[in-house]
Amino acid sequence: MITFKRILALVLGLGILALTSCKDDDTKTSDDLVMLDIHFLHYGEGQPLLFDSLIYVNEAGNKYEVTEIQWFVSDIILTGPDKTTSITQNENIHYIDTNIPETSTWTISEGVPVADYTSLTLTFGLKDEKNTVGKFTDPPEANMIWPFHIGGDNGGYHYMKLNGFWIDVENERQPFNFHLGVGSVEEGGETTFIQNWFEVTLPLSIAQLSKRDTVVLPVVMNVENWFGNPNTWDHDVVGPKIMKNQTAMRMGIENGMTDGFSIGNIEIINHEE
Amino acid sequence: MKNEILLSAFLGFLLLAGCGDSEVQKGPTPYEFPGIFYFPKDLNIPEDNLTTEEGVLLGRYLFYDGRLSGRTHQDSLMSCSSCHLQQNGFDTGFDHPEFTSGRPRGLAGTFTPHYTLPLVNLVYNTNGYFWNGFIEASNPQYGSEAHHVPAEPHFHMKNIESIVWMTIVDPNEINGSIEQTVQVISEIPVYPPMFKDAFGSEEVNIERITKAIAQFVRTIISNNSKYHQYIEGKTVLTESESRGMELFFSEEADCFHCHGGFLMSTYEFFNNAKDSVFTDPFDRFGVTGDIMHTGVYRAPSLINVELTGPYMHDGRFKTLREVVDFYSDGLVISPYTHPLMKYISTNGVQMSEEQKDDLIAFLKTLTDHQLLTDPRYAKPSDLN
Chain A
520 MITFKRILAL
530 VLGLGILALT
540 SCKDDDTKTS
550 DDLVMLDIHF
560 LHYGEGQPLL
570 FDSLIYVNEA
580 GNKYEVTEIQ
590 WFVSDIILTG
600 PDKTTSITQN
610 ENIHYIDTNI
620 PETSTWTISE
630 GVPVADYTSL
640 TLTFGLKDEK
650 NTVGKFTDPP
660 EANMIWPFHI
670 GGDNGGYHYM
680 KLNGFWIDVE
690 NERQPFNFHL
700 GVGSVEEGGE
710 TTFIQNWFEV
720 TLPLSIAQLS
730 KRDTVVLPVV
740 MNVENWFGNP
750 NTWDHDVVGP
760 KIMKNQTAMR
770 MGIENGMTDG
780 FSIGNIEIIN
790 HEE
Chain B
366 MKNEILLSAF
376 LGFLLLAGCG
386 DSEVQKGPTP
396 YEFPGIFYFP
406 KDLNIPEDNL
416 TTEEGVLLGR
426 YLFYDGRLSG
436 RTHQDSLMSC
446 SSCHLQQNGF
456 DTGFDHPEFT
466 SGRPRGLAGT
476 FTPHYTLPLV
486 NLVYNTNGYF
496 WNGFIEASNP
506 QYGSEAHHVP
516 AEPHFHMKNI
526 ESIVWMTIVD
536 PNEINGSIEQ
546 TVQVISEIPV
556 YPPMFKDAFG
566 SEEVNIERIT
576 KAIAQFVRTI
586 ISNNSKYHQY
596 IEGKTVLTES
606 ESRGMELFFS
616 EEADCFHCHG
626 GFLMSTYEFF
636 NNAKDSVFTD
646 PFDRFGVTGD
656 IMHTGVYRAP
666 SLINVELTGP
676 YMHDGRFKTL
686 REVVDFYSDG
696 LVISPYTHPL
706 MKYISTNGVQ
716 MSEEQKDDLI
726 AFLKTLTDHQ
736 LLTDPRYAKP
746 SDLN
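As given, the protein sequences belong to chains A and B, one line each in that order. Position 175, counted from 1, in the first sequence is what my numbering calls 694; the numbers after and before it change by one each time, with no gaps. Position 318, counted from 1, in the second sequence is what my numbering calls 683; the numbers after and before it change by one each time, with no gaps.
One or more hints might be untrue.
The following label-pair restraints were derived from C-beta to C-beta distances [claimed, not checked]: (1) A/I787 / B/G565: 52 to 60 angstroms; (2) B/Q715 / A/G580: 26 to 34 angstroms; (3) A/T640 / B/G654: 48 to 56 angstroms; (4) A/L721 / B/E418: 51 to 59 angstroms; (5) A/S572 / B/I553: 56 to 64 angstroms; (6) B/G654 / A/S623: 20 to 28 angstroms; (7) B/T465 / A/T711: 47 to 55 angstroms; (8) A/T711 / B/E718: 29 to 37 angstroms; (9) B/S717 / A/P722: 47 to 55 angstroms; (10) A/P722 / B/L408: 42 to 50 angstroms; (11) A/T711 / B/S717: 26 to 34 angstroms.
From the structure, some residues in chain B lie toward chain A, with a derived Cβ separation under 10 angstroms [claimed, not checked]: (12) P405; (13) D407; (14) I410; (15) F621; (16) V642; (17) T702; (18) H703; (19) K707; (20) Y708; (21) I709.
Please keep in mind that the hints were generated in silico from the structure rather than gathered at the bench. For every residue, glycine included, the Cβ atom is placed at its ideal position computed from N, Cα and C.
Based on the sequences and whatever the hints tell you, model everything.
Shown next as C-alpha cells:
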C-alpha cells in the first residue's frame, strides 16, 4: 500500500513539475529568444515590383517586364557587437517563389537570441556543399534543378530563375530567362565548373529587443540593379539565355553583389502591449 | 483509501490504453509505397483515404470492371481501363482498338473535352490533376456543372477520388448515375466481401468505390525506364540517346525547364506557344480566372511518352516527330506565351534533323517496358 502511495506521489510530483516548468518567466536571460519573420520583397525602381507589366527600363535602355522570380537564399547570419546568430532551421535554406505567395515570408520559429544586431549576411543561391545533385526531391524546390552536365556534382539547382520579356531593337516583345547557377567553361575538351553563389552583408539596426518581440525583417531584392551597376545589361546584346554563358552570368552576379539586395524598414512587434 | 481507488483507476486506464483493440479487430493492411530516392517524398494521399492492400485490390477490380458504368449489357460497359490502357502507359495511345484517333468517346458517343493524360505516378503530383489543374486539394468547389456532378457537399473536387465520380456521371464519359453504379456493383457477389476487407463492412457506396479506385491508381508507379535505370547506374545510353539527353537538359532545346526532374515534369502550367487564338473554355484560365493563364496547360510527364500520343491537350500532334518539329520551328507568339519559350523570335529552337533524331532517341528511353505488363497493375485474371 505504501508503494502505491509513493508511486502516486511520484506521478503527481512529476506532473506538477512538468506544468510549472511551462510557466512564463519575466526574467531576461542570455537564452531569451525573439521570433523572426524574414519577408522577401521584390522591388522595381524603389516600389513593389508590378509583375507582367511592361513598364520598367533598365540601364541599357531596354524596356522590360518580369513575370516571375524563383530563387534560393541560404546561410543567413545576424551579427551584432556581442552576438552572431546563424539560423539552423531548414539547414538555413529558404526558397522564394513569386508564384507561391507564402514563400515570401520565412518564419524562423526556432527564434533568435535577444541581442543588438547591426548586419545581416545572406548567401544568394546555395554554396557548393548545399547544392548537391538530388538534394531536393519535392517541388517546388526540386523544380529548380540545374542540369548536371553544366553544373557538375555541386551545381544541382538554379540559384535564381528570373523570367520576363523585353522589347528588342526591332520593337518586338522577346522572352528572357535570367537564370543564375553554377557556371561551366569548356577548354581543350575539359569542363571547369565555377561556383557563382555570393555572400552579401547588409547593414541594419536591431536593438533593445525583449523576449516577447517579433522582429519583421524585410530583405529587398532590387530587380533593376541586377541589370546595371557595375555591368550594364543589354538584353539585345546578351540575348534570351545565359545558363552556359559564364561571362554573362558573372556580369549578373557582380551586379547582384553590388546592390541587388537591401534591407527594408524593420518592424519590432511587442506582444506584451 | 481514496488514493488507492485513484491509483487503481489510473493503472486500469493505462492497461486498457496500452492494449488497444488490435488483437480483437484486424483492420486492412497499410500499403507500403516504394522508397525511390529520386522521387518526391511528399505523397498526394488524402488523410481520409489512406492506402491499404485490400483497398488497392478492390480498386484494381473496379478499375477494370466495365460494370462501373452501372450497366451490364456488353455494349454499355465502361470503366477507367476503357480509355487508360496498361500497354500504353495507362493512356489511350495511338493504337486503341476503339478510339482510333486516340481521343476517347463516352458511352453517349461524344468526345471528352481534352485528350487523356496517363494515370502514372499521380501520387507524386501535388499540383492538381487534369490538363488545367481543376482537381486540386485547395479547390473549394463542390460538384461541377460542366461535368454534371451535383453541387453536393460530398462531391468535392480535390483529388483522384473526385475524378472517379466525375467520370461516372459526365455525359462525355460513362454518362451514368451514381445510384445505378452503386446498385450494379453491390449486386455482384465478389464485391461486398471485398468492400468488407477494405472498409470494414459490406456496404457499397460511391465514396468507397471512388476511394478504392483512387487507392489503386496511386500505386501505379513508373520508374523502370532505361533512363531511370541509367540514373541508378544500371545501364548506359547509346551515343545518340546521350546526345539527346544533353539536348533535353540544355537551354539549346530547353525541354527540362518544364519537363525536368526525375518525374520528367514539373507539373507546372505553361502557355507553350501553340496558338495565338484561344477558344478552349477548359484551359488554366477557366480555373483561375487569371488572364495570363489563357491557353495555359499542364506540362505532362514524359515518362512513357513514346506510347502516350496523340500529344498536347487537343491531340494535335500524332507523333513524337511532329512534337519535336513544333518546338523546333512551329512556335506562335501571343500575349500569354510563357517566357521559357525563349526562341519565339525564330519560331522555335531550330534543331537539325540529326538533333531531332537524337532527342527522339532520348525520349524513347523514357519508356518503362516493365510497367506495360506488370501484373500488379493488370486486369485481374478472374474478372471477365
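Hint-by-hint comparison with the structure:
| no. | hint | result |
| --- | --- | --- |
| 1 | A/I787 / B/G565: 52 to 60 angstroms | holds (54 angstroms) |
| 2 | B/Q715 / A/G580: 26 to 34 angstroms | holds (28 angstroms) |
| 3 | A/T640 / B/G654: 48 to 56 angstroms | violated (42 angstroms) |
| 4 | A/L721 / B/E418: 51 to 59 angstroms | holds (55 angstroms) |
| 5 | A/S572 / B/I553: 56 to 64 angstroms | holds (59 angstroms) |
| 6 | B/G654 / A/S623: 20 to 28 angstroms | holds (22 angstroms) |
| 7 | B/T465 / A/T711: 47 to 55 angstroms | holds (53 angstroms) |
| 8 | A/T711 / B/E718: 29 to 37 angstroms | holds (32 angstroms) |
| 9 | B/S717 / A/P722: 47 to 55 angstroms | holds (53 angstroms) |
| 10 | A/P722 / B/L408: 42 to 50 angstroms | holds (45 angstroms) |
| 11 | A/T711 / B/S717: 26 to 34 angstroms | holds (28 angstroms) |
| 12 | P405 | holds (4 angstroms) |
| 13 | D407 | holds (5 angstroms) |
| 14 | I410 | violated (14 angstroms) |
| 15 | F621 | holds (6 angstroms) |
| 16 | V642 | violated (18 angstroms) |
| 17 | T702 | holds (7 angstroms) |
| 18 | H703 | holds (8 angstroms) |
| 19 | K707 | holds (4 angstroms) |
| 20 | Y708 | holds (8 angstroms) |
| 21 | I709 | holds (6 angstroms) |
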